[in-house]
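Trainee: Given chain A, put chains B, C and D in place with the hints provided.
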Amino acid sequence: MDNKLFDKTIEHVIKYLNESIFFEKYTKSEGLLQSLESRVKIISLVIFIVGSVLSKHILTLLIFNAIALLLAYLSNIPMYQYLKRVYVFIPIFAGLIAIPVMFNIMTPGKDLIVLLNNPHISITYEGVKYAITFTLRVATCVSFAVLIPITTQWNKVTSAMHKLGIPEVVITITNLAYRYIFLLLNFILDMMYSRKSRAIKKLGMVESWKEAGKAIGALFIKTYQMGEETYYAMLSRGYTGEIKHIYMEKITSKDILFLAFSIIITAILVLFDRGVV
Amino acid sequence: MKEIYKVVDVSYKYPNGSTALEDVNLNIYKNEIVAILGPNGAGKTTLLKIMNGLVFPSSGEIYFEGKKLTDEILRNKELMKEFRRKVGFVFQNPDVMLFNPTVWEEVAFSPLHLYSKEKAIEKTDETLKNMKIYHLKDRHPYNLSGGEKKKVSISCILSVEPDVILMDEPTSALDPKSRLEVMDLIRSFKDSGKTVVIVTHDLNLACLADRCYVLNKKVIFDGKVKDLFSLNLDELNLDVPDVSKLFLKLKERGYDVDIPTTIDEAVDYLSKIMPQKNKK
Amino acid sequence: MKEIYKVVDVSYKYPNGSTALEDVNLNIYKNEIVAILGPNGAGKTTLLKIMNGLVFPSSGEIYFEGKKLTDEILRNKELMKEFRRKVGFVFQNPDVMLFNPTVWEEVAFSPLHLYSKEKAIEKTDETLKNMKIYHLKDRHPYNLSGGEKKKVSISCILSVEPDVILMDEPTSALDPKSRLEVMDLIRSFKDSGKTVVIVTHDLNLACLADRCYVLNKKVIFDGKVKDLFSLNLDELNLDVPDVSKLFLKLKERGYDVDIPTTIDEAVDYLSKIMPQKNKK
Amino acid sequence: MHIPDGYLGPITCAFFYLIMIPIWYKGIKELKKLDPRKLPLLGVLTAFAFLVMMFNLPVPDGTTAHMVGGTLIAILMDNPWVATIAISIVLVIQAIFFGDGGITCIGANCFNMGVVLPFVGYYVYKFLRNKVGEVIASGIGAYVGIVTAAICAGFEFGLQPFIEPGYCPYPFTVSVPAMAIAHLLTAGPAAAVVTAIVVWYVRKVRPDLFTSKEQQVSGVNA
Chain A
29 MDNKLFDKTI
39 EHVIKYLNES
49 IFFEKYTKSE
59 GLLQSLESRV
69 KIISLVIFIV
79 GSVLSKHILT
89 LLIFNAIALL
99 LAYLSNIPMY
109 QYLKRVYVFI
119 PIFAGLIAIP
129 VMFNIMTPGK
139 DLIVLLNNPH
149 ISITYEGVKY
159 AITFTLRVAT
169 CVSFAVLIPI
179 TTQWNKVTSA
189 MHKLGIPEVV
199 ITITNLAYRY
209 IFLLLNFILD
219 MMYSRKSRAI
229 KKLGMVESWK
239 EAGKAIGALF
249 IKTYQMGEET
259 YYAMLSRGYT
269 GEIKHIYMEK
279 ITSKDILFLA
289 FSIIITAILV
299 LFDRGVV
Chain B
22 MKEIYKVVDV
32 SYKYPNGSTA
42 LEDVNLNIYK
52 NEIVAILGPN
62 GAGKTTLLKI
72 MNGLVFPSSG
82 EIYFEGKKLT
92 DEILRNKELM
102 KEFRRKVGFV
112 FQNPDVMLFN
122 PTVWEEVAFS
132 PLHLYSKEKA
142 IEKTDETLKN
152 MKIYHLKDRH
162 PYNLSGGEKK
172 KVSISCILSV
182 EPDVILMDEP
192 TSALDPKSRL
202 EVMDLIRSFK
212 DSGKTVVIVT
222 HDLNLACLAD
232 RCYVLNKKVI
242 FDGKVKDLFS
252 LNLDELNLDV
262 PDVSKLFLKL
272 KERGYDVDIP
282 TTIDEAVDYL
292 SKIMPQKNKK
Chain C
22 MKEIYKVVDV
32 SYKYPNGSTA
42 LEDVNLNIYK
52 NEIVAILGPN
62 GAGKTTLLKI
72 MNGLVFPSSG
82 EIYFEGKKLT
92 DEILRNKELM
102 KEFRRKVGFV
112 FQNPDVMLFN
122 PTVWEEVAFS
132 PLHLYSKEKA
142 IEKTDETLKN
152 MKIYHLKDRH
162 PYNLSGGEKK
172 KVSISCILSV
182 EPDVILMDEP
192 TSALDPKSRL
202 EVMDLIRSFK
212 DSGKTVVIVT
222 HDLNLACLAD
232 RCYVLNKKVI
242 FDGKVKDLFS
252 LNLDELNLDV
262 PDVSKLFLKL
272 KERGYDVDIP
282 TTIDEAVDYL
292 SKIMPQKNKK
Chain D
13 MHIPDGYLGP
23 ITCAFFYLIM
33 IPIWYKGIKE
43 LKKLDPRKLP
53 LLGVLTAFAF
63 LVMMFNLPVP
73 DGTTAHMVGG
83 TLIAILMDNP
93 WVATIAISIV
103 LVIQAIFFGD
113 GGITCIGANC
123 FNMGVVLPFV
133 GYYVYKFLRN
143 KVGEVIASGI
153 GAYVGIVTAA
163 ICAGFEFGLQ
173 PFIEPGYCPY
183 PFTVSVPAMA
193 IAHLLTAGPA
203 AAVVTAIVVW
213 YVRKVRPDLF
223 TSKEQQVSGV
233 NA
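Protein chains in written order, with my numbering: chain A, 29 to 305; chain B, 22 to 301; chain C, 22 to 301; chain D, 13 to 234.
If you're looking for bench data, these hints aren't it; they were derived computationally from the structure. There's no promise every hint is true.
The calculated DSS-like cross-link candidates involving lysine-lysine, where the alpha carbons are at most 25 Å apart (straight line), are [unchecked claim]:
(1) 272(A) <-> 238(B)
(2) 230(A) <-> 98(C)
(3) 138(B) <-> 272(A)
Only chain A is shown next, with the shape it has when bound in the complex (with noise of 0.2 Å):
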């Protein structure tokens, strides 16, 4: 392309942009993960990454994503997009980095494959156990996570750290910036187009590099001008230096229920992994 920069750069924008508010379309639908209270429905999708972490075999591993699978059928989300969501990158990222893994050189062990003989360079099947182990365990813990931002808008995400003991002025901070970053998305979308409409030779890395600091610099006056008004328009409407926040959501017997069968569940899996049941 013309440049790299900047090509690359709207790239990212749009697919970030598009994600986050694409994925916001199914915390509205029907669905199991959707009904649950925020709290309760975070924190046991962190138990379940939180025991993904500590299982080290393969077969735990499978299990703990298939029940991600499964939350992710019961909140009715398209598997398509949530398989896509899950795997592309991350986890393909992982398991190039574990390919190494699977030679004889990083991981000795029984030979699975043998590349070359003198001197020995070999594919064991420890090496191979180990890198599906360390891929699987990745694409798992991303399965629990990207849930959450699927199924919860994300301004409940916040009032539920709130209400989990994150302090207020972080809140506040949190939410600010994810509201502005969708504004000045915009503004750098354009300044994007607008170098690349008068951008008649291709830029040099270096001159590449000047432009993105000059845009980063503009970006920073912007943002800091905004940031006076904000202050001022909340200035204007009664802040007093902390804000106040209502918790709608209650907690019922199904979230209990949740709750509960979540803990069970990842500690019979741990368990089971470690050899004690």
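Mentor: Using the frame of chain A, we list chains B, C and D on its own:
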């Protein structure tokens, strides 16, 4: 009439030393709509910020309901609460006002600071219904249209039922439909007894006002909008309504005509003086 | 007449799946001013971005001077250089175009890529002088007024002498004086042989155009601006000039009148039909 | 440099959460001492940090690298604690909403990018500021900051085979040089150049943002 604002010899210098306002004097009375007109950079927004107690004049005084507005008063929690409830400020750019995750939380922001929780919830729902934007309540501000954002930002102010509403260029960057809606809202504010101060460079909007001030660092005109046309409007860089421009030009050509400011006035006026032969 | 743009059955879907444009067909000929009108969200800006080769249609084709615009063509160094020099795009918000530390550097950005250093300096100075903003050359774009920013952003485009100028809402958020200046500039572009495409929802601005298209995802009107008034303009949420509104209302009351679109037309028309008794 | 879930073992994850708790506590305390005016500003700066991470810069091998912006925020706000909180919030948003960086690794990621990076960057800048000028000092600060943070991440990876086998498979000898070289040659120079240009730009266009804190406060409330 009860005096709401009294601005006495107010001057303001920006931190970089340039002058925004110079010896400004004005009075605003209860249940008036007052327009403050002036070109870009005339200090209009700064004046509004001073009236909202967000910044303080470099010299001069400003009184709200007879009480002088000072930094000390606004640091007093009780007095500030009262002042913030009574006076609402609608910023020009709704994006700076909409910083909460959802429309509902946005409108509930001020009530939650000022009322009990139950009353805040009630007021918020009521305001959203009155403004006919209850269906937007769970939406995030980032995917609203410009007109919707403006209505939400006005709702944010209305949810604490202010007596005085300050508006900075309320119709700028709106499409024609939203512009008319905002103008109707301003009329309804007056009907319900509120006082409205509008800052603008759009004379069409100013035609709603009972009185207007023209500001260019200093107050250079003070009176009815109708009487404005005796000034050199081009120099002030104001948006003169096209209808008025048309009649001003006719006057230049030697016709002895009135200068209407709105389309309806012009239609009535033309109906009166137009020859019947053109009537079908 | 030479065809500059030919847009054939162009559709565009946003990444989130909603439709911005649907089967749009249009042609733009050399030395025309064409206005593309439409309400907010009608896909006007997207169409302009497609015409500038910034985004590509989801389906359909677009030809510039007979050559199909594709990703591949714009990846070719020579063809890209030619296209980017020939077509200038003035964005709606000048802030997104101006991020060099000085006005001079901003305007010199494209010439420095295209010409030798000496010629680039010469072109930049010349453009700034022609646009009467040479005195701003060492200023930071950040603290210019809205009108000045707009003029700088137009200068950025003019410094490589494009044949075609695409403008997105060129008069939005400008004060009346700057608005008139921009409108004069657009006229001067036509006089110097350039082709201009303006996207706007302001009919006053559209009156400059030789032809116009009304867009609401699809092309729903194509012809002279004058003939527009047969459409339901309210539904399209377009800014109808007040002068036209006045005469449309007179027509409603049963008067048999023409519908002028500009103040001067209206003055001439009224002079003709007004009874002499009102003349002094 | 965003460590995903599953790369670090549970002990390492828990350890960094424990380390971060007092740091976050102190950061929030610092925050509460700030002028309330700074709160919305910090909100938009956090958004800014998020967006800065999206500016991918082309590097010679054909890929791209991105900066973190921690040093930049610490310098522009003249307070590294502010950067810690801003970057931490960005990392949490990225972990929860964008799947960038793991939820179990939030502690470690915040430590590398939110503590090591801005503090090292900021103090290198402060140390050099009067010697080489603030523009160059900011570039060097950003460079040292991001490289140090990358080495920390490499160290955390490299520790895994020794304390918790089954997670990241590479020992120090592989992971530390890999992380260090990538950042020495790509993200590091990018962060340095861009940070220096931004500092130069802001200094030139809005010099008032660099005035001391007292002046800023009185300027706004005057």
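Trainee: Against this structure, judge whether each hint is valid.
Mentor: A quick look at each hint next to the structure:
{"no.": "1", "hint": "272(A) <-> 238(B)", "in the structure": "violated (39 Å)"}
{"no.": "2", "hint": "230(A) <-> 98(C)", "in the structure": "holds (8 Å)"}
{"no.": "3", "hint": "138(B) <-> 272(A)", "in the structure": "holds (10 Å)"}
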